[in-house]
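**Q** Take the sequences, apply the hints, and build the full model.
Below, each chain spelled out in residue letters.
4 protein chains.
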Amino acid sequence: MASKTQVGFIGLGNMGKPMAKNLIKHGYPVIATDIFPESCKELQELGAQILETPADVADKADRIITMLPSSPNVIEVYTGLNGILKKVKKGSLLIDSSTIDPAVSKEMAAASEKMGAVFMDAPVSGGVGAANSGKLTFMVGGVEEEFTAAKELLSCMGANIMYCGQIGTGQAAKICNNMLLAIGMIGTAETMNLGIRLGLDPKLLATVLNMSSGRCWSSDTYNPVPGVMEGVPSANNYQGGFGTTLMTKDLGLAQNAATNTKTPVPLGSVAHQLYRMMCARSYASKDFSSVFQFLREEEGQ
Amino acid sequence: MASKTQVGFIGLGNMGKPMAKNLIKHGYPVIATDIFPESCKELQELGAQILETPADVADKADRIITMLPSSPNVIEVYTGLNGILKKVKKGSLLIDSSTIDPAVSKEMAAASEKMGAVFMDAPVSGGVGAANSGKLTFMVGGVEEEFTAAKELLSCMGANIMYCGQIGTGQAAKICNNMLLAIGMIGTAETMNLGIRLGLDPKLLATVLNMSSGRCWSSDTYNPVPGVMEGVPSANNYQGGFGTTLMTKDLGLAQNAATNTKTPVPLGSVAHQLYRMMCARSYASKDFSSVFQFLREEEGQ
Amino acid sequence: MASKTQVGFIGLGNMGKPMAKNLIKHGYPVIATDIFPESCKELQELGAQILETPADVADKADRIITMLPSSPNVIEVYTGLNGILKKVKKGSLLIDSSTIDPAVSKEMAAASEKMGAVFMDAPVSGGVGAANSGKLTFMVGGVEEEFTAAKELLSCMGANIMYCGQIGTGQAAKICNNMLLAIGMIGTAETMNLGIRLGLDPKLLATVLNMSSGRCWSSDTYNPVPGVMEGVPSANNYQGGFGTTLMTKDLGLAQNAATNTKTPVPLGSVAHQLYRMMCARSYASKDFSSVFQFLREEEGQ
Amino acid sequence: MASKTQVGFIGLGNMGKPMAKNLIKHGYPVIATDIFPESCKELQELGAQILETPADVADKADRIITMLPSSPNVIEVYTGLNGILKKVKKGSLLIDSSTIDPAVSKEMAAASEKMGAVFMDAPVSGGVGAANSGKLTFMVGGVEEEFTAAKELLSCMGANIMYCGQIGTGQAAKICNNMLLAIGMIGTAETMNLGIRLGLDPKLLATVLNMSSGRCWSSDTYNPVPGVMEGVPSANNYQGGFGTTLMTKDLGLAQNAATNTKTPVPLGSVAHQLYRMMCARSYASKDFSSVFQFLREEEGQ
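Protein chains in written order, with numbering that gives the first Met the number 0: chain W, 0 to 300; chain U, 0 to 300; chain V, 0 to 300; chain B, 0 to 300.
What the hints contain is simulated information worked out from the structure, not anything from laboratory work. Some hints here could point you the wrong way.
Claimed, not checked - Simulated crosslink set (BS3-like; lysine-lysine; CA at most 30 angstroms straight-line):
1. W:Lys261 - B:Lys105
2. U:Lys59 - U:Lys88
3. V:Lys202 - B:Lys134
4. W:Lys105 - U:Lys202
5. B:Lys202 - V:Lys248
6. W:Lys261 - V:Lys261
7. V:Lys105 - V:Lys248
8. V:Lys105 - U:Lys113
9. W:Lys202 - U:Lys261
10. V:Lys150 - V:Lys85
11. B:Lys59 - W:Lys86
12. B:Lys105 - W:Lys85
13. V:Lys113 - U:Lys113
14. U:Lys86 - V:Lys113
15. B:Lys202 - V:Lys134
16. V:Lys40 - V:Lys3
What the hints assert, rightly or not - A few chain V residues facing chain B, derived, Cβ under 10 angstroms:
17. Gly164
18. Gly183
19. Leu203
As the list claims (entries may be wrong) - What follows is a list of derived Cβ distance ranges for each label pair:
20. W:Asn81 - U:Gly226: 41 to 49 angstroms
21. W:Asn259 - B:Pro36: 29 to 37 angstroms
22. W:Gln5 - B:Glu37: 55 to 63 angstroms
23. B:Glu143 - V:Glu41: 56 to 64 angstroms
24. B:Ala158 - U:Asn259: 50 to 58 angstroms
25. V:Glu75 - U:Thr220: 46 to 54 angstroms
26. B:Gly115 - W:Asn81: 22 to 30 angstroms
27. W:Glu41 - V:Asn209: 57 to 65 angstroms
28. U:Glu145 - W:Gly226: 24 to 32 angstroms
29. W:Asn209 - U:Phe35: 36 to 44 angstroms
30. U:Lys40 - W:Asn259: 58 to 66 angstroms
31. B:Glu37 - V:Asp200: 20 to 28 angstroms
Just so you know, these numbers come straight off a predicted model, no measurement behind them. Idealized CB from N, CA, C, for every residue including glycine.
**A** Set out below in structure tokens:
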């Protein structure tokens with residue numbers, strides 16, 4: 000088997016680390032860095048080469064994947080003093096899997112292009128479990144000609160690799176999905192709560208909704224009411240899953256995108272505000288389906 | 000074949016007329032009335048006996064189905080001067096398929112019980128098409144022992160007959176479903192609009208959502224964006240389907256039920272207000288998925 | 000001084016009791032009743048005659064004031080088995096100071112008219128303090144010819160007696176004012192909170208708002224931020240004042256009135272939902288300006 | 000009289016031009032520029048010196064005022080290729096009266112400091128009328144030691160010059176005020192509309208609100224209902240005043256600031272969305288009080 004060429008990986012957090020491991024499993028030599036040296040050890044033991052800075056990584060590898068918490072981190076890692084673009088090679092392929100503002104993705108793409116490199120946005124859905132099992136969904140935006148090259152790498156880490164269009168559309172698809180998800184989840188939570196108060200059995204109500212036009216992913220796959228389904232966070236005191244803080248961040252990105260494009264998002268805005276209020280209480284680290292509990296609290300108790 | 004006993008039917012509107020016809024098709028002699036004499040003619044030609052008032056119907060038939068526009072009509076038809084309860088026979092089964100406030104259903108049940116009759120609420124979903132083809136879904140609330148008797152009749156008109164629990168829970172299930180439906184529809188409309196403004200192709204975005212956690216009935220079965228699906232109102236200038244005015248009425252019922260039970264329904268409330276605003280414009284008689292068009296209108300045009 | 004004729008008073012709660020006392024102070028012989036016998040004692044000691052039922056009161060007095068918690072109580076006290084209308088004298092003047100649905104006021108007026116009596120709605124603003132000091136504001140709806148007679152009595156208990164128009168408009172004015180009050184209070188709370196997080200001193204921000212177009216009663220007279228003003232509930236841990244539960248009730252009435260008249264009230268609806276959520280937490284018995292505290296809770300604490 | 004030193008002025012739009020004229024009236028030699036040469040003519044005829052670029056202005060004047068439409072314009076005028084900071088003199092005082100994101104004000108202040116200059120944010124309220132008459136209100140953020148120097152210039156153009164605190168707090172005060180203003184205006188509009196539908200006379204209702212706790216600037220100074228007040232946009236078909244588009248822009252800034260500081264602004268968000276919807280219709284260029292008309296449209300018409 001011909002040896003594969005090196006791949007750079009920057010950002011070894013909860014998501015990035017298992018993603019990088021899956022690249023190694025698929026035979027790619029990985030050159031990685033992270034601001035927390037301890038995050039690098041585990042990868043080093045698996046054979047990855049650890050360097051000091053993003054610039055160092057860009058000096059060695061011409062295909063780089065980044066997985067970072069938010070827009071400012073992406074800006075720093077690409078255009079900072081020791082950023083990728085300081086030493087990026089001409090013709091490099093830079094894939095950012097962070098979930099950030101699509102406008103920032105466009106800026107990074109423009110800055111990369113000036114250096115002769117190609118930048119694509121490829122945010123993921125699926126969470127830590129899917130990252131571990133290599134079953135992530137990637138939503139990819141950027142120059143279509145480069146999609147095949149990107150897909151080769153992303154397929155090591157994900158089960159669905161979807162091309163969404165021009166630069167930024169990967170981010171757009173991601174934040175659109177999550178905005179609708181938040182609306183559906185809050186809607187399911189308030190509907191289930193109302194039905195219960197009106198005397199309906201929660202399992203029966205879920206069955207009715209799921210056979211009818213009220214059906215949605217939050218009602219049929221991830222029901223927020225304890226006792227209705229097994230194997231979901233609501234069955235486990237809202238542990239695990241997709242945290243309220245992360246959902247709130249994505250709703251903030253959706254709100255920014257809507258403001259910038261002058262798009263009215265009335266329910267998306269209210270959903271954002273409700274998750275914001277939950278973050279300030281005991282729900283910050285619970286799964287986002289705990290909005291049922293937030294709305295459920297009863298008067299006079 | 001033994002001849003079947005007579006069934007009363009009160010309310011021969013867009014929904015009631017085809018429902019009564021299906022009873023006749025199944026061999027039930029129908030005794031009907033409606034405040035508009037002309038609505039009765041068609042049924043009379045099919046063999047139905049037409050009487051003057053609800054009281055007259057109750058005098059002849061001990062199983063009666065009512066299908067009326069709103070709570071005040073139901074109160075009038077049951078407890079009015081010429082209402083059913085003036086002449087109802089002991090042991091009669093009264094089934095109300097109107098969509099009304101569950102609190103009114105409970106009042107009618109209590110008033111019926113005083114006269115020795117049994118009242119059940121059995122609102123429908125499915126629209127005129129399903130009424131014609133006998134494929135309605137009935138959500139039934141009331142004394143469980145009477146459900147079998149009710150089901151025998153309702154099966155002539157519907158494909159799904161669901162027992163929901165005590166009196167009023169049929170209405171509860173109906174308005175819960177429609178509240179979540181409205182939230183999902185508006186959410187889908189604003190999400191699709193945002194995605195399009197961010198550069199995504201609408202069909203592609205629908206595909207992404209439907210494979211992901213944003214999936215809901217409004218995105219995968221009744222998509223509100225023209226060009227995404229065929230055979231839905233959005234493909235036909237929002238003609239037909241479920242009118243904005245009717246959805247607004249149901250959201251008003253959901254809001255009342257929520258206020259009465261002190262249940263917070265933040266997205267349900269905003270959805271109600273948005274459909275209310277649409278009613279005052281050119282959207283009143285369009286399908287409720289036209290909320291996409293309402294939100295879509297672009298600045299500077 | 001000629002002795003004054005008797006006045007009936009039904010409902011001796013937190014508001015009703017001091018109102019009835021003020022009638023006695025002004026020399027009116029009072030005939031009262033309340034479902035809680037203990038509420039009557041204090042008034043009996045001041046010389047009021049206590050009777051068993053509203054009907055008994057109507058049998059003796061031809062001017063009656065009612066002050067009750069909600070619509071069902073009003074319906075019971077007027078049209079119940081022992082209600083006022085069972086024994087009301089022709090030509091009686093019935094003044095209801097409860098805050099209820101204007102539609103119920105209209106029903107009571109119609110029922111009273113059938114018995115030859117005149118019913119007026121006259122809800123109050125001002126709270127327990129103003130009730131004690133006889134400084135309430137009364138908003139009066141009903142036949143204009145009777146306003147002078149009503150004003151004579153109401154002036155013993157209030158400083159402002161405003162004629163608002165036909166029956167129900169007193170209630171309408173009350174719930175309109177309280178809906179706008181709730182919107183202004185929540186708006187002030189979120190604005191002050193945002194300003195503080197952006198680095199503004201709260202007192203300075205209040206000064207800027209109050210000199211500018213953001214000014215409202217909640218910012219300049221009843222500021223919800225502790226430390227900005229003295230002598231308001233926010234200066235006293237939100238004790239006293241106008242309770243969150245009462246505000247929520249009034250917002251429910253406003254919502255019902257809006258639904259019934261097909262009026263869009265987007266901010267009124269969201270305000271209702273927010274106060275509803277507060278009721279289920281520790282804010283139920285606090286002043287409604289505690290919405291600042293509700294919104295203020297900080298993330299990560 | 001000793002001659003005054005030159006003042007730079009960049010941005011000669013609807014607001015900037017009358018502001019610059021007032022500086023000239025007060026005896027200041029003005030050096031100005033604008034991207035539209037025709038905007039400069041009028042000022043040139045009054046004696047102002049017109050230069051090509053912001054950099055040119057900075058080369059001549061060590062006190063500069065900028066008045067620009069939005070954040071990107073400010074970034075360009077300060078840090079662009081021909082921006083102020085290319086040729087700014089050490090010790091210069093740079094005052095930005097644009098309404099922009101406070102985060103951008105902070106960036107500009109930091110960039111200015113690197114060049115040895117002082118940047119202050121000083122957005123205005125009062126509109127074109129106040130700009131003409133020199134009666135603007137300035138809300139000023141920045142180093143307190145420089146406030147006296149800033150005030151000397153701003154006093155030529157405004158009646159109230161308020162020091163708000165550290166850099167960005169001028170913007171913060173401005174967007175806070177306008178967010179509360181929008182909430183109060185929409186609240187007043189929906190309340191007046193509800194009251195009218197409930198049978199109240201609009202003038203009477205305004206009187207009741209203004210004597211009560213519902214009172215706000217939008218109800219007592221700028222009432223949105225035609226016929227209630229004179230000399231306001233609602234009396235003139237919503238011509239003039241503060242345009243819906245501008246209010247929507249400010250609500251977008253408030254939303255961004257809230258998202259960035261993790262502050263819940265539920266009513267501010269909904270207000271933003273409603274004005275956004277109005278922008279897409281015929282209300283874009285009308286005064287923002289036309290929200291009454293937007294909500295007022297009646298069903299079935």
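**Q** The structure should be examined with respect to each hint, and the outcome stated for every one.
**A** These are the hints, each one checked on the structure:
{"no.": "1", "hint": "W:Lys261 - B:Lys105", "in the structure": "holds (25 angstroms)"}
{"no.": "2", "hint": "U:Lys59 - U:Lys88", "in the structure": "holds (9 angstroms)"}
{"no.": "3", "hint": "V:Lys202 - B:Lys134", "in the structure": "holds (24 angstroms)"}
{"no.": "4", "hint": "W:Lys105 - U:Lys202", "in the structure": "holds (23 angstroms)"}
{"no.": "5", "hint": "B:Lys202 - V:Lys248", "in the structure": "holds (26 angstroms)"}
{"no.": "6", "hint": "W:Lys261 - V:Lys261", "in the structure": "holds (28 angstroms)"}
{"no.": "7", "hint": "V:Lys105 - V:Lys248", "in the structure": "holds (19 angstroms)"}
{"no.": "8", "hint": "V:Lys105 - U:Lys113", "in the structure": "holds (28 angstroms)"}
{"no.": "9", "hint": "W:Lys202 - U:Lys261", "in the structure": "holds (22 angstroms)"}
{"no.": "10", "hint": "V:Lys150 - V:Lys85", "in the structure": "holds (26 angstroms)"}
{"no.": "11", "hint": "B:Lys59 - W:Lys86", "in the structure": "violated (40 angstroms)"}
{"no.": "12", "hint": "B:Lys105 - W:Lys85", "in the structure": "holds (27 angstroms)"}
{"no.": "13", "hint": "V:Lys113 - U:Lys113", "in the structure": "holds (27 angstroms)"}
{"no.": "14", "hint": "U:Lys86 - V:Lys113", "in the structure": "holds (27 angstroms)"}
{"no.": "15", "hint": "B:Lys202 - V:Lys134", "in the structure": "holds (24 angstroms)"}
{"no.": "16", "hint": "V:Lys40 - V:Lys3", "in the structure": "holds (23 angstroms)"}
{"no.": "17", "hint": "Gly164", "in the structure": "holds (6 angstroms)"}
{"no.": "18", "hint": "Gly183", "in the structure": "holds (5 angstroms)"}
{"no.": "19", "hint": "Leu203", "in the structure": "holds (6 angstroms)"}
{"no.": "20", "hint": "W:Asn81 - U:Gly226: 41 to 49 angstroms", "in the structure": "holds (47 angstroms)"}
{"no.": "21", "hint": "W:Asn259 - B:Pro36: 29 to 37 angstroms", "in the structure": "holds (30 angstroms)"}
{"no.": "22", "hint": "W:Gln5 - B:Glu37: 55 to 63 angstroms", "in the structure": "holds (58 angstroms)"}
{"no.": "23", "hint": "B:Glu143 - V:Glu41: 56 to 64 angstroms", "in the structure": "holds (59 angstroms)"}
{"no.": "24", "hint": "B:Ala158 - U:Asn259: 50 to 58 angstroms", "in the structure": "holds (52 angstroms)"}
{"no.": "25", "hint": "V:Glu75 - U:Thr220: 46 to 54 angstroms", "in the structure": "holds (48 angstroms)"}
{"no.": "26", "hint": "B:Gly115 - W:Asn81: 22 to 30 angstroms", "in the structure": "holds (28 angstroms)"}
{"no.": "27", "hint": "W:Glu41 - V:Asn209: 57 to 65 angstroms", "in the structure": "holds (58 angstroms)"}
{"no.": "28", "hint": "U:Glu145 - W:Gly226: 24 to 32 angstroms", "in the structure": "holds (28 angstroms)"}
{"no.": "29", "hint": "W:Asn209 - U:Phe35: 36 to 44 angstroms", "in the structure": "holds (38 angstroms)"}
{"no.": "30", "hint": "U:Lys40 - W:Asn259: 58 to 66 angstroms", "in the structure": "holds (59 angstroms)"}
{"no.": "31", "hint": "B:Glu37 - V:Asp200: 20 to 28 angstroms", "in the structure": "violated (43 angstroms)"}
The structure does not agree with the numbered hints 11 and 31 stated previously, though it agrees with the rest.
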